[in-house]
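Quick note, the sequences are listed as chains A and B, same order.
So in our numbering the end of the first sequence lands on 679, straight run, no missing numbers.
So in our numbering the end of the second sequence lands on 679, straight run, no missing numbers.
Possibly wrong hints are sitting among the right ones.
Because identical chains cannot be distinguished in the list, a pair is counted as satisfied if it fits within a single copy or across any two copies.
[As the list claims (entries may be wrong)] Below, computed lysine to aspartate or glutamate pairings styled on EDC-like, alpha-carbon distance capped at 20 angstroms:
1) K173 x D103
2) K46 x E473
3) K302 x E487
4) K302 x E238
5) K60 x E50
6) K42 x E119
7) K307 x D583
8) K47 x E415
9) K68 x E242
10) K250 x E238
11) K68 x D246
12) K42 x E238
13) K60 x E312
14) K68 x E223
15) K274 x E415
16) K134 x E238
Hint data in this document are derived by calculation from the structure and do not stem from the laboratory.
2 protein chains.
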Amino acid sequence: MSHPQVLFPQTTFTGPSLLQARRETIQQVTVKAQLKKLKETGQYECFNLKWQPIYDDKSRWPSPPPVYWDSDVAKWIEGACYMLTEQYDAEIDAAVRELVHMIRDAQQEDGYIDVYFTVIEPGKRWTNLRDQHELYNAGHLMEAALAHSNYYKNNLLIDVIHKYIELIRQVFGPGKDQIHGYPGHPEIELALARFYSATGNQDAYDLAQYFIEERGNPTGQNGMTYYEWEREQRGDSPWKRPDCYPYHPGLWYSQAHLPILQQKTIEGHAVRALYLFTGVANLISLDELGIKSFAGKHQYLEALRTLWNNMVDKKMYLTGGIGSMMQWEGFGIDYFLPQGSDEGGCYNETCASIGVMMLAERLLHVELNSKYADVMELCLYNAVMTAMSLGGNAFTYVNQLASSEKDKNVRAAWFDTSCCPPNVSRLFGSLGGYLWDYGGRGQEIFVNVHLYTTATVSFQVDEHAVVLAQKSNWPWEGNVIFRLEAPPSANTTIRLRIPAWAGKRFTLTPTLDSATIENGYLVLPPSYTSDNRAFTIEVLGFEPRYLSPHPYTNQHTLTLARGPLIYCVEDVDNPWEQNHFRNVGLSIGTPVSEEERVIEEMGERYVGLRVAGWVRNVDHWSQAEPGREPGSSIGAVVPKEAKELLFIPYYLRANRGGKGHMRVGLLNG
Amino acid sequence: MSHPQVLFPQTTFTGPSLLQARRETIQQVTVKAQLKKLKETGQYECFNLKWQPIYDDKSRWPSPPPVYWDSDVAKWIEGACYMLTEQYDAEIDAAVRELVHMIRDAQQEDGYIDVYFTVIEPGKRWTNLRDQHELYNAGHLMEAALAHSNYYKNNLLIDVIHKYIELIRQVFGPGKDQIHGYPGHPEIELALARFYSATGNQDAYDLAQYFIEERGNPTGQNGMTYYEWEREQRGDSPWKRPDCYPYHPGLWYSQAHLPILQQKTIEGHAVRALYLFTGVANLISLDELGIKSFAGKHQYLEALRTLWNNMVDKKMYLTGGIGSMMQWEGFGIDYFLPQGSDEGGCYNETCASIGVMMLAERLLHVELNSKYADVMELCLYNAVMTAMSLGGNAFTYVNQLASSEKDKNVRAAWFDTSCCPPNVSRLFGSLGGYLWDYGGRGQEIFVNVHLYTTATVSFQVDEHAVVLAQKSNWPWEGNVIFRLEAPPSANTTIRLRIPAWAGKRFTLTPTLDSATIENGYLVLPPSYTSDNRAFTIEVLGFEPRYLSPHPYTNQHTLTLARGPLIYCVEDVDNPWEQNHFRNVGLSIGTPVSEEERVIEEMGERYVGLRVAGWVRNVDHWSQAEPGREPGSSIGAVVPKEAKELLFIPYYLRANRGGKGHMRVGLLNG
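Starting from the given sequences, assemble the full structure and let the hints guide the process.
Given below as structure tokens:
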């Protein structure tokens with residue numbers, strides 16, 4: 011089963027690239043730095059089930075951070091195993107072994123494993139699915155176990171999971187004495203589906219399907235929606251709710267307001283939504299690949315298409331960030347996409363855009379369409395990559411498009427809720443699996459190339475061994491050289507993504523007169539690939555371009571982009587700026603010049619963009635007598651002063667000091 | 011004491027004007043229509059303390075509508091008494107008498123009077139000041155009693171209040187056995203101050219001062235903030251909260267997050283804020299007028315100035331509407347002023363802008379500055395006047411600047427929470443008192459004219475009887491003819507407001523060479539007024555003008571205005587519109603022509619504005635493949651088509667049918 015988390019070892023990053031530079035940083039710095047943090051915070055030790063002083067802190071309700079410590083540890087193990095696959099490290103190896111040992115010992119007699127409800131609130135298992143994270147933690151443990159068994163080739167963690175799944179399967183389900191519930195924080199669905207495809211555990215599949223199909227059932231438990239029923243069981247008032255629920259009952263926060271098939275807009279907590287829908291896509295892809303039939307496949311796929319389109323068209327930032335609402339870390343109303351917290355929002359959690367990549371990757375298996383890969387690339391190079399410092403040891407959790415005095419453009423080494431840093435590690439650790447989709451049957455072989463970089467994939471279809479290598483200077487240049495090795499008897503079809511931003515402009519060498527583009531992919535048929543074992547595509551569109559968000563966002567901004575990269579301005583390069591670029595604008599069509607630049611201490615090379623912009627003068631407003639009248643009758647002719655601007659890729663922000671001023675979208679005028 | 015609610019009978023509206031037309035409608039239609047509604051809903055009968063079926067409905071927490079029925083009835087009585095003062099009506103008179111009879115009978119042995127906590131939850135008096143409305147209801151009863159005694163010249167209601175205040179004074183205060191609390195919905199503060207100034211009831215004054223000074227005390231009750239303490243007493247979880255509190259504990263919702271003196275920005279529920287600060291201004295003005303010394307006067311005045319400036323500069327719409335956030339019917343962050351609910355907000359409750367008028371009126375007594383009167387006029391002619399239909403029997407509660415499919419531009423006859431309709435009645439009933447401030451000592455007499463219309467004020471200062479008449483066609487024309495009658499021995503200073511939108515442009519006839527403008531008022535000294543018993547000011551600035559909200563609102567819109575009137579477009583006049591004018595724009599400087607118009611069935615005359623605008627074409631976005639990419643790389647050159655537009659005054663909206671499409675601010679470009 012073609013999950014990137016399984017297949018990535020078949021891909022080797024064979025030369026320098028921006029992606030490989032990040033992967034090396036994570037290998038050399040990040041995984042160890044995060045291990046150090048896990049040890050400092052007590053998370054590393056949590057599976058030993060001893061009491062820790064922080065457990066006494068009851069100030070945060072419903073979820074004090076130890077509620078999801080299990081998952082932070084599990085995600086670290088997962089990322090560490092991916093990295094070990096490529097490069098052995100004794101310290102990391104020893105830590106993984108010790109953690110696995112602790113986890114095994116932490117499992118209860120009946121199979122249950124969750125630190126919080128074993129140590130801190132032992133009597134309260136499964137009493138608050140809505141707000142707690144037991145099933146979420148279980149899902150991440152499953153993913154850790156899969157990564158662990160792939161690297162260590164043993165079942166030390168897998169066995170734990172089999173036992174735990176057996177318990178969960180007893181507790182949850184449609185039976186009279188079972189709980190008709192589902193996780194408040196989805197994640198286990200995608201993990202269960204992967205666990206099934208790796209191990210054939212039927213309970214895992216059944217649970218994934220149950221959680222997905224039961225979700226949002228208005229009469230699922232004793233004639234009520236499950237979360238309302240369990241609230242009544244707890245004796246809680248309907249109006250008692252976490253601070254992330256603006257209203258009661260807040261079922262939409264965790265996508266439980268309607269059955270998934272009835273959801274027409276993507277709502278609530280963004281990470282929950284994306285993990286959930288990735289789980290759905292997993293079931294669909296298992297059917298699509300002939301592994302396991304899923305009766306609801308067509309309906310669920312239609313639902314995912316609707317939700318994807320709503321997200322990308324109306325609820326996604328130009329950077330691939332999602333979730334404009336800080337309070338619920340999630341989606342706002344259609345087209346509500348302010349750039350910063352001083353303008354009303356912009357949360358864009360790193361994990362949410364990683365979730366978009368996961369969903370896109372799954373959908374590409376189900377229906378090949380470059381629109382999914384375009385957005386996957388957008389997220390990777392912008393919303394996700396911006397979340398880690400060049401040094402690999404500082405992060406952003408929230409990826410705003412504009413800073414403010416309240417929320418400056420800065421990084422932190424760790425967070426109370428530290429889901430994002432290890433998520434970046436495990437994504438980059440398994441990144442090889444996202445580059446392409448490949449396989450076939452008999453002598454019919456295909457490779458669909460989603461992402462360009464410098465890498466080689468080697469795989470086998472029946473008796474045919476296939477190797478495809480790509481070499482490029484992506485994302486700086488569009489020239490990608492391919493070399494294919496495959497037996498002469500194989501009919502190899504290669505599909506190359508033509509990004510939307512390239513506007514279908516590309517050159518293929520050698521040429522192919524009958525070239526067709528299907529669903530955004532240039533199709534190289536077996537006749538071409540057998541005649542041309544080496545070929546080159548040059549994707550055009552690397553000249554700087556101006557972007558605008560949808561007019562209904564009321565943003566009226568211009569953003570610079572180049573290839574897959576979104577650009578921003580920082581005060582480091584524009585040190586005259588004092589107000590977070592709030593008054594700085596661009597005029598459409600002004601020529602943009604490129605500048606090869608390097609951050610010396612990091613050896614980081616990039617293309618900067620230089621353009622003549624302007625600064626508006628709002629003195630008319632600031633000099634008026636305070637409290638005089640709202641607005642102004644000058645008629646909005648605001649004087650402007652010309653100003654040279656230097657732009658850098660958004661992913662490079664917050665790496666070089668400065669005052670913490672940054673903006674992606676500048677005034678358009 | 012110069013409260014408009016007391017002084018308005020000294021002013022007579024002596025001829026036709028826009029204001030007088032509304033006053034007549036309210037007299038002839040509205041007061042009776044509202045009486046009918048009170049009877050239909052059961053509110054009229056509520057003081058008979060019998061159980062009503064609606065009392066069984068427990069679906070709304072914490073405040074089912076009967077919680078504030080007392081206040082709806084009280085406000086109706088107040089407005090009815092103002093109207094009776096000008097024109098007797100037997101039906102209204104009989105209803106007031108019957109209601110007063112019922113209210114007297116409803117008072118409990120110990121003085122307590124509140125329907126909800128007498129009939130529905132009799133054991134729960136004073137147990138939830140944060141969410142309940144006992145003190146708010148009490149305040150409105152006080153205002154009703156004052157209006158009642160002014161008209162009926164008896165103490166039938168006043169006596170009830172004296173007795174109730176005695177009880178409240180025992181319950182609340184700094185004493186060991188007293189509650190150190192204050193009302194969740196302020197109102198009683200301003201009412202108590204007025205009650206003191208009318209009756210000299212010392213308890214009333216002390217309570218007002220206590221409620222104001224104790225508010226927001228972080229350690230006021232047993233070392234805690236009062237609302238948190240009483241919540242603990244009720245045994246409620248800190249996270250149990252009304253749906254209007256996005257977060258716990260939500261003290262800012264009712265301006266209790268900090269002591270008033272420490273509040274630097276205006277926050278929370280807009281009506282609560284404005285009523286509270288009007289109460290503060292009442293205490294300051296009592297000191298200023300030498301009636302009652304208030305030790306904190308200077309500090310509180312400074313606090314009010316800060317809050318006023320924050321409100322007008324950063325949280326007020328061009329219409330005088332306040333409160334962009336629907337969830338808490340109140341203020342958002344600075345400069346967050348979207349025009350409609352599909353853009354993220356725009357609540358603008360009618361009562362809130364009436365509150366702005368009340369606060370402005372008070373501040374004008376404390377420190378004469380036309381900035382307060384300008385905003386008072388802005389609210390009156392726009393945010394407030396728009397809330398009632400021309401027919402006087404349909405209302406808006408929320409006064410958005412742009413409609414949407416979800417919230418069309420329509421009216422309703424009544425609301426579950428019906429604070430707004432009777433508030434409009436009592437405002438227009440006492441409107442004479444808002445036009446001007448006047449008085450003096452000995453032979454030094456002054457009249458400060460805040461609002462222009464056609465009206466006459468007659469008053470006495472010691473032995474001097476003064477009459478000042480103004481006559482104009484305001485708000486359509488700026489020519490205002492004054493005629494003064496005063497004894498030759500009186501030194502009469504008249505100050506005439508020069509509105510900010512007039513840009514200091516005016517003509518005075520006869521001329522005054524040494525004319526000075528102080529704080530926005532043209533000062534006519536006694537020498538001038540004794541030489542010129544008749545004089546005319548022509549305020550200029552009645553040509554149409556373009557307005558823009560502050561650039562930091564990110565609105566990028568243009569609005570048309572003329573004199574004090576803000577204009578809007580409706581689909582009735584522009585029937586081609588299908589999308590709530592979301593794609594319609596104006597270009598700064600395009601000539602605007604005026605058009606005398608009339609709504610025949612109402613005899614309502616007004617000036618329409620005609621201008622060539624444009625409609626942008628967003629097909630590029632709507633025709634893209636769904637889910638393809640956020641934004642667009644076309645660079646925001648959006649094609650436009652020219653379109654003739656007709657604008658009407660915002661106060662006229664939703665009177666002539668149509669599809670319910672309306673907008674104030676159009677795209678600027």
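Results of checking the hints against the structure:
In this assembly of identical chains, K173 and D103 lie within 20 angstroms of each other by CA distance neither inside one copy nor across copies; the values are 25 angstroms within and 80 angstroms between. In this assembly of identical chains, the alpha carbons of K46 and E473 never lie at most 20 angstroms apart, being 46 angstroms within a copy and 88 angstroms across copies at closest. Neither within a single protomer nor between protomers do K302 and E487 lie at most 20 angstroms apart by alpha-carbon distance, with minima of 41 angstroms and 79 angstroms respectively. Taking the shortest alpha-carbon separations for K302 and E238, neither the intra-copy value of 33 angstroms nor the inter-copy value of 55 angstroms comes in at or below 20 angstroms.
Taking the closest pair of Cα atoms, K60 and E50 come within 20 angstroms of each other only inside a single copy of the chain (16 angstroms); across copies the shortest separation is 66 angstroms, beyond that limit. In this assembly of identical chains, K42 and E119 lie within 20 angstroms of each other by CA distance neither inside one copy nor across copies; the values are 33 angstroms within and 75 angstroms between. Proximity of K307 and D583 under a CA criterion of 20 angstroms is satisfied in neither setting, with 51 angstroms inside one chain copy and 50 angstroms between copies. When the C-alpha separation of K47 and E415 is checked against a cutoff of 20 angstroms, the pair qualifies neither within a copy, at 28 angstroms, nor between copies, at 50 angstroms.
Only between protomers do K68 and E242 lie at most 20 angstroms apart by alpha-carbon distance; the minimum there is 17 angstroms, versus 22 angstroms within a single protomer. In this homomeric assembly, K250 and E238 come within 20 angstroms of each other (Cα to Cα) both inside a single copy, at 12 angstroms, and across copies, at 15 angstroms. Both within a single protomer and between protomers do K68 and D246 lie at most 20 angstroms apart by alpha-carbon distance, with minima of 18 angstroms and 17 angstroms respectively. For the identical chains of this complex, K42 and E238 are neighbours neither inside a copy (43 angstroms) nor across copies (45 angstroms), given an alpha-carbon limit of 20 angstroms.
In this homomeric assembly, K60 and E312 never come within 20 angstroms of each other (Cα to Cα): the closest approach is 48 angstroms inside a single copy and 56 angstroms across copies. For the homomeric pair K68 and E223, neither the shortest alpha-carbon distance inside one copy (35 angstroms) nor that between copies (33 angstroms) is at most 20 angstroms. Proximity of K274 and E415 under a CA criterion of 20 angstroms is satisfied inter-copy only: 17 angstroms between copies versus 37 angstroms inside one chain copy. Taking identical chains as interchangeable, the C-alpha atoms of K134 and E238 lie at most 20 angstroms apart only when both belong to the same chain, with a minimum of 17 angstroms there against 28 angstroms between chains.
Of the numbered hints given earlier, the model fails hints 1, 2, 3, 4, 6, 7, 8, 12, 13, 14; all others are met.
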